[in-house]
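Going down the list, the protein sequences come from chains A and B. Residues 1 to 214 (my numbering) make up the first sequence, in order. Residues 215 to 461 (my numbering) make up the second sequence, in order.
Simulated from the structure, these hints should not be mistaken for lab results. From the three backbone atoms N, C-alpha and C, an ideal C-beta is built for every residue, glycine too. Heads up, some of the hints might be wrong.
[What the hints assert, rightly or not] Computed beta-carbon distance windows for the label pairs: (1) B:GLN224 - A:LEU74: 51 to 59 Å; (2) B:ALA350 - A:TRP210: 13 to 21 Å; (3) B:ASP331 - A:LEU72: 21 to 29 Å; (4) A:ARG76 - B:GLY281: 55 to 63 Å; (5) B:ALA286 - A:LEU74: 36 to 44 Å.
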Amino acid sequence: MNVLTDNFSTYWEGFLGTVELTVYGSVLALALGFLMASFRVAPVGSLRVFGTVWVTVLRNTPLTLLFFAVLLGLPRFGLVLPFTVFAVLALGCYTSAFICEALRSGINTVPKGQGEAARSLGMTFGQTLSAVVLPQAFRSVIPPVGSTLIALAKNSAIAGAFSVTELLGTYKTMSELGYNIVWTFVWIALGYLVITLAISALFHVLERTWGVAR
Amino acid sequence: MAVDPLIELQGVNKYYGELHVLRDIDLTVGRGEVVVVIGPSGSGKSTLCRTINRLETIESGTITLDGQPLPAEGKALARLRAEVGMVFQSFNLFAHKTVLQNVSLAQVKVRKSKKDDADRHSRELLQRVGLLAHAAKYPAQLSGGQQQRVAIARALAMDPKAMLFDEPTSALDPEMINEVLEVMRQLARDGMTMVVVTHEMGFARASANRVVFMADGRIVEDRAPEDFFTHPRSERAKDFLSKILKH
Ligand SMILES: Nc1ncnc2c1ncn2[C@@H]1O[C@H](COP(=O)(O)OP(=O)(O)O)[C@@H](O)[C@H]1O
Ligand SMILES: [Mg+2]
Chain A
1 MNVLTDNFST YWEGFLGTVE LTVYGSVLAL ALGFLMASFR VAPVGSLRVF GTVWVTVLRN
61 TPLTLLFFAV LLGLPRFGLV LPFTVFAVLA LGCYTSAFIC EALRSGINTV PKGQGEAARS
121 LGMTFGQTLS AVVLPQAFRS VIPPVGSTLI ALAKNSAIAG AFSVTELLGT YKTMSELGYN
181 IVWTFVWIAL GYLVITLAIS ALFHVLERTW GVAR
Chain B
215 MAVDPLIELQ GVNKYYGELH VLRDIDLTVG RGEVVVVIGP SGSGKSTLCR TINRLETIES
275 GTITLDGQPL PAEGKALARL RAEVGMVFQS FNLFAHKTVL QNVSLAQVKV RKSKKDDADR
335 HSRELLQRVG LLAHAAKYPA QLSGGQQQRV AIARALAMDP KAMLFDEPTS ALDPEMINEV
395 LEVMRQLARD GMTMVVVTHE MGFARASANR VVFMADGRIV EDRAPEDFFT HPRSERAKDF
455 LSKILKH
C-alpha cells in the first residue's frame with residue numbers, strides 16, 4: 001500500500017509524462033486529422049489520394065512498429081530529437097488517421113444540399129467546409145473523437161518501452177525496489193483512469209454545450 | 215423582346231457514367247427573360263439547372279454567362295456562382311444558422327460586406343419576402359413555404375444576374391405553394407432573369423416568356439407558354455400535358 005507514498009515522485013513524474021504525451025499527441029492528431037479530412041473531401045484529386053494513403057498506411061500499421069520506424073528510422077536521416085518528441089510524432093500521426101475518419105464520417109452525416117447551397121452562393125471549398133459543413137458535422141463527431149483520444153492516452157504506454165518517461169514505465173523502478181507488483185499496477189491503472197475520465201468529462205461538456213444549437 | 219443573351223448553352227452534353235443525361239442542349243436565355251422548363255421526371259431538368267452554375271460538370275459543349283465562359287475551378291468559378299442564384303427543391307437552408315445569418319453569411323464571406331451592412335441588406339430582403347419577423351428563428355422552426363422564401367432571399371442577397379429555380383414548390387404543401395409563387399412572380403415583374411423548373415402552369419402562363427419542354431435529355435419544344443399549352447406539337451409533350459392536366 002505504501003508503494004505510492006514511498007515512490008510518489010517517480011509515480012508523479014510518470015503521470016506527468018503520460019499527460020504530456022497525451023496532450024501533445026492529441027493536439028498533433030487533431031490538427032493532422034483535420035487537415036487529412038479536408039484533403040479527403042477536397043475537389044483536388046491529388047489531395048484526396050494523399051489523404052487516403054495517409055489514413056490507409058497509418059491505420060494499418062501496428063503502433064509499436066511505427067514507434068520503431070520513427071525512433072530508429074528518423075535518426076538515420078539525420079533527424080535527431082528528444083525521444084519524447086519522437087513518441088509524440090508517432091502517437092500523433094497514428095491517431096490522426098482515426099481522427100480523420102471520425103471527422104469524415106461526421107462530414108458525411110451532413111446532407112449534401114448544405115454544401116451545394118453554400119457553393120451555389122459562391123463560397124469556396126474552404127469556406128463551405130469551415131462555415132457550413134464542419135460546424136454541423138462537429139456535434140456528431142464529438143463522441144468518436146473522444147474515444148479516439150482515450151485510446152491515444154492508453155497507447156502512450158508504448159513509449160515507455162522506448163525509454164520515454166511515462167506512467168506504465170514506473171512499474172520497473174518500483175518492482176526493482178521490491179514493492180508488491182499488484183499494488184503497483186493498481187496505482188498505475190488508477191493514474192490512467194484519472195486521465196481517461198478527464199478526457200471523457202471534457203467531451204461530455206463539449207457534447208452538452210454544442211448539442212443545443214438547432 | 216430584343217435578345218441580349220445572358221445565359222447561353224451550346225451543344226451541351228452530360229453523362230452520368232453510361233447514362234446520357236443531357237443531349238446536345240442549345241438554350242439561350244435573354245436578359246430579363248423568364249424561361250420555364252418542364253418535362254417528365256428523369257428528363258434532365260435538374261441536371262440542366264445544375265450545369266448552369268457548374269454544380270455538375272459537362273462532357274462537351276460551352277456554357278457562357280454574360281458572354282463569359284464558365285471557369286473550370288477555384289476562385290473564378292466561385293465568383294461566377296455568386297452571380298447566379300439557385301433555389302433548390304429541398305430549400306437547403308443552413309440548419310445551424312438563424313434566418314438572418316442564412317441570408318447574411320455569403321454576403322460576408324463572398325462579397326466581403328461588413329456584418330452590419332450585410333444584416334441591413336438581409337433585413338430588407340426578408341421584409342420583401344414577408345419574413346422579417348422570423349429573422350431570429352432557425353430554419354427548422356419555419357414552415358416549408360417560409361423556408362423557401364428565405365432561400366430566395368438568401369440567393370437574392372448576392373445581387374445575382376440570374377436566378378435558377380429547381381422545382382421550388384414541389385416539396386411544399388398545397389396551401390404554401392402560392393406564397394412562394396407570389397415572390398417569384400414579383401421577381402419576374404422586377405425584371406430578374408429566371409430559369410424555373412416547375413409544373414405550375416399558372417406561373418408559366420402568367421410570368422414566363424418561354425416554355426422549354428424536355429424529354430430524355432433533349433429540348434423537344436421551346437415556345438411561348440400559351441402556344442405550348444394549347445397546341446403542343448410533339449407527341450411527348452401532348453402525352454405529358456394530358457397527364458398533368460388531369461390532376
Ligand atoms: N448524381 C447522379 N448520378 C447518377 N445519375 C443521376 C444523378 N443525378 C441524376 N441522375 C440521373 O439523371 C437523369 C436525369 O436526372 P434529373 O436531371 O434529376 O431529372 P429531372 O430533374 O428532370 O427529374 C435521371 O435518370 C437520374 O436518375
Ligand atoms: Mg429534378
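Holds or violated: the 51 to 59 Å window for the beta-carbon distance between GLN224 (chain B) and LEU74 (chain A)? At roughly 57 Å between Cβ atoms, LEU74 (chain A) and GLN224 (chain B) fall inside 51 to 59 Å, so the hint holds.
Using the beta carbons of ASP331 (chain B) and LEU72 (chain A), state whether their distance is inside 21 to 29 Å or not. With a Cβ separation near 59 Å, ASP331 (chain B) and LEU72 (chain A) fall outside 21 to 29 Å, so the hint is violated.
Is 13 to 21 Å a correct range for the gap between the Cβ atoms of ALA350 (chain B) and TRP210 (chain A)? At roughly 20 Å between Cβ atoms, TRP210 (chain A) and ALA350 (chain B) fall inside 13 to 21 Å, so the hint holds.
Taking 36 to 44 Å as the hint, is the beta-carbon distance of ALA286 (chain B) and LEU74 (chain A) inside that range? 40 Å, holds
Measuring from beta carbon to beta carbon, are ARG76 (chain A) and GLY281 (chain B) in 55 to 63 Å? Holds, at about 60 Å.
The structure fails hint 3 only (numbered hints given earlier).
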